[in-house]
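Student: Construct the entire structure; sequences and hints are all you get.
Protein chains: 2
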Amino acid sequence: MNETIKTLLHHRSIRKFEDRPLTDQQIRTIIDCAQAASTSSYIQAYSIIGVKEKEKKRRLAELAGNQPYVETNGHLFIFCADLFRHELLAEMEGADITASLESAEKYMVAVIDAALAAQNAAIASESMGLGICYIGGLRNNVEEVAQVLSIPKRVIPLFAMTVGYPLHESSKKPRLPFEHVYHEEGYNEDKKELQAQLLEYNKTIQEYYLQRTGGERSDTWTGQMAAMLSKPTRMFMKEFVEKQGFQRR
Amino acid sequence: MNETIKTLLHHRSIRKFEDRPLTDQQIRTIIDCAQAASTSSYIQAYSIIGVKEKEKKRRLAELAGNQPYVETNGHLFIFCADLFRHELLAEMEGADITASLESAEKYMVAVIDAALAAQNAAIASESMGLGICYIGGLRNNVEEVAQVLSIPKRVIPLFAMTVGYPLHESSKKPRLPFEHVYHEEGYNEDKKELQAQLLEYNKTIQEYYLQRTGGERSDTWTGQMAAMLSKPTRMFMKEFVEKQGFQRR
Numbered sequence: 001m002n003e004t005i006k007t008l009l010h011h012r013s014i015r016k017f018e019d020r021p022l023t024d025q026q027i028r029t030i031i032d033c034a035q036a037a038s039t040s041s042y043i044q045a046y047s048i049i050g051v052k053e054k055e056k057k058r059r060l061a062e063l064a065g066n067q068p069y070v071e072t073n074g075h076l077f078i079f080c081a082d083l084f085r086h087e088l089l090a091e092m093e094g095a096d097i098t099a100s101l102e103s104a105e106k107y108m109v110a111v112i113d114a115a116l117a118a119q120n121a122a123i124a125s126e127s128m129g130l131g132i133c134y135i136g137g138l139r140n141n142v143e144e145v146a147q148v149l150s151i152p153k154r155v156i157p158l159f160a161m162t163v164g165y166p167l168h169e170s171s172k173k174p175r176l177p178f179e180h181v182y183h184e185e186g187y188n189e190d191k192k193e194l195q196a197q198l199l200e201y202n203k204t205i206q207e208y209y210l211q212r213t214g215g216e217r218s219d220t221w222t223g224q225m226a227a228m229l230s231k232p233t234r235m236f237m238k239e240f241v242e243k244q245g246f247q248r249r
Numbered sequence: 001m002n003e004t005i006k007t008l009l010h011h012r013s014i015r016k017f018e019d020r021p022l023t024d025q026q027i028r029t030i031i032d033c034a035q036a037a038s039t040s041s042y043i044q045a046y047s048i049i050g051v052k053e054k055e056k057k058r059r060l061a062e063l064a065g066n067q068p069y070v071e072t073n074g075h076l077f078i079f080c081a082d083l084f085r086h087e088l089l090a091e092m093e094g095a096d097i098t099a100s101l102e103s104a105e106k107y108m109v110a111v112i113d114a115a116l117a118a119q120n121a122a123i124a125s126e127s128m129g130l131g132i133c134y135i136g137g138l139r140n141n142v143e144e145v146a147q148v149l150s151i152p153k154r155v156i157p158l159f160a161m162t163v164g165y166p167l168h169e170s171s172k173k174p175r176l177p178f179e180h181v182y183h184e185e186g187y188n189e190d191k192k193e194l195q196a197q198l199l200e201y202n203k204t205i206q207e208y209y210l211q212r213t214g215g216e217r218s219d220t221w222t223g224q225m226a227a228m229l230s231k232p233t234r235m236f237m238k239e240f241v242e243k244q245g246f247q248r249r
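As you go down the protein sequences, you meet chains A and B in turn. Here UniProt numbering is used: the first residue of the first sequence is 1, the next is one more, and so on. Here UniProt numbering is used: the first residue of the second sequence is 1, the next is one more, and so on.
Quick caveat, the hints were computed from the structure, so don't treat them as lab data. Check each hint, because a few of them may be wrong.
Copies of the same chain are indistinguishable here, so a pair counts whether it falls within one copy or spans any two.
In silico DSS-like cross-links for lysine-lysine, where the CA-CA straight-line distance does not exceed 27 Å [to be verified]:
#1 LYS153 with LYS231
#2 LYS203 with LYS238
#3 LYS191 with LYS52
#4 LYS243 with LYS191
#5 LYS243 with LYS57
#6 LYS57 with LYS191
#7 LYS173 with LYS231
#8 LYS153 with LYS192
#9 LYS153 with LYS191
All values reported here derive from a predicted model rather than from experimental measurement.
Tutor: What follows is the structure, given as structure tokens:
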């Protein structure tokens, strides 16, 4: 097993960091790696915002649901779907590209582009001995986050990533069974088989929680998911996405 | 520079592969790495379909716009946003989760989850000396692709990835300037500055094409993008996404 695969398989989210900033060189390497990811038809439809200012990080931590590691870390990155530069270049080239910019297709492309770049940033960070955590909580108050970061139309802040020197080890949560996630030749729609796999997986998860909490917690994955998904969250997202000029047609 | 960062920075798309299948062990490692990626609140909202059957690959290559490397490679993976298993678990748990499943928020989550997993698969493959290419062209005929792969409601085939033993070296396309993609403390909306950066970038790109084509081609990036985005493509995507049960509210 090579070092890169070891790094990939060793991933776990880190939620407590030293209060020790990354160097400019570290930040540069992380961004260079992010930019090296594939991009759909060379469109490069994302931007990354780095935040160092203490007060701004504190405010973002608050908006993300009071997660202290959004404030205290080595660096805070915000990954954005971005078609703003394409609007600017259309102006330079005298082209009308509004239909493309507003299409569901290009929204998909921009979200995927941003996520591929982010995952490269995550792997680069981890390969340097740093820890990371994705922060979807940034979307709890996406309007306010957009204001704090001066985000214009044609840009959507998708998630943040905290990077820094880990202050704890954390355990790796078992993933869904290989056979459940990986389908051969076509999607396996066999409800009975899939549900049986989920029940089997539940046992793994219960054991994981029992061990980790010394017997206090024994959630199943299906139970956790059903509880979470029963309470729809961030139901303002459709309006926000459209207001930013995406996914309109 | 560690080996992982070297792998990340060395990425380039490969569009010609040996007709030599990956081993089951290689496929397993690639999927294990994909699954090790972060997932939003443990939701694991994606699936991966692997295709080996020659005839099916030929058909998918055709649907993706006659790209021969979709047919001839080591393995073909299709990455899907997937909330189908969540629908099944809701049934098992007696929960009503339709609002969540149909929300713009969960569509975003599923697309990001799938992309993070895919990028881990890409990096794992490249670290093993294999080449990869993302295939967005799969969306050219997304309805037919969904049929060929028996994809149910609550699942969207986002893109494919060909993996295999490279039959060529390819050059790395220069990315947008660091300062253009990476913003400090907030989004830099300064139109003049951003457009000046794009003009500077155009020179880099022109030089790149001139060198690569022995003087035959001298596109600019803004010219390329304006031409591409002037012709909206895959305008059926909004309808397809909604039909699959995503992004409805």
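Student: It remains to establish, for every hint, whether it holds in the given structure.
Tutor: Status of each hint after checking the structure:
1. LYS153 with LYS231: between (29 Å within a copy, 21 Å between copies)
2. LYS203 with LYS238: neither (36 Å within a copy, 38 Å between copies)
3. LYS191 with LYS52: between (48 Å within a copy, 24 Å between copies)
4. LYS243 with LYS191: For LYS243 and LYS191, only the inter-copy Cα distance (20 Å) is at most 27 Å; the intra-copy one is 38 Å.
5. LYS243 with LYS57: within (25 Å within a copy, 40 Å between copies)
6. LYS57 with LYS191: Intra 45 Å, inter 26 Å, cutoff 27 Å: inter-copy only.
7. LYS173 with LYS231: within (23 Å within a copy, 44 Å between copies)
8. LYS153 with LYS192: between (46 Å within a copy, 17 Å between copies)
9. LYS153 with LYS191: between (42 Å within a copy, 13 Å between copies)
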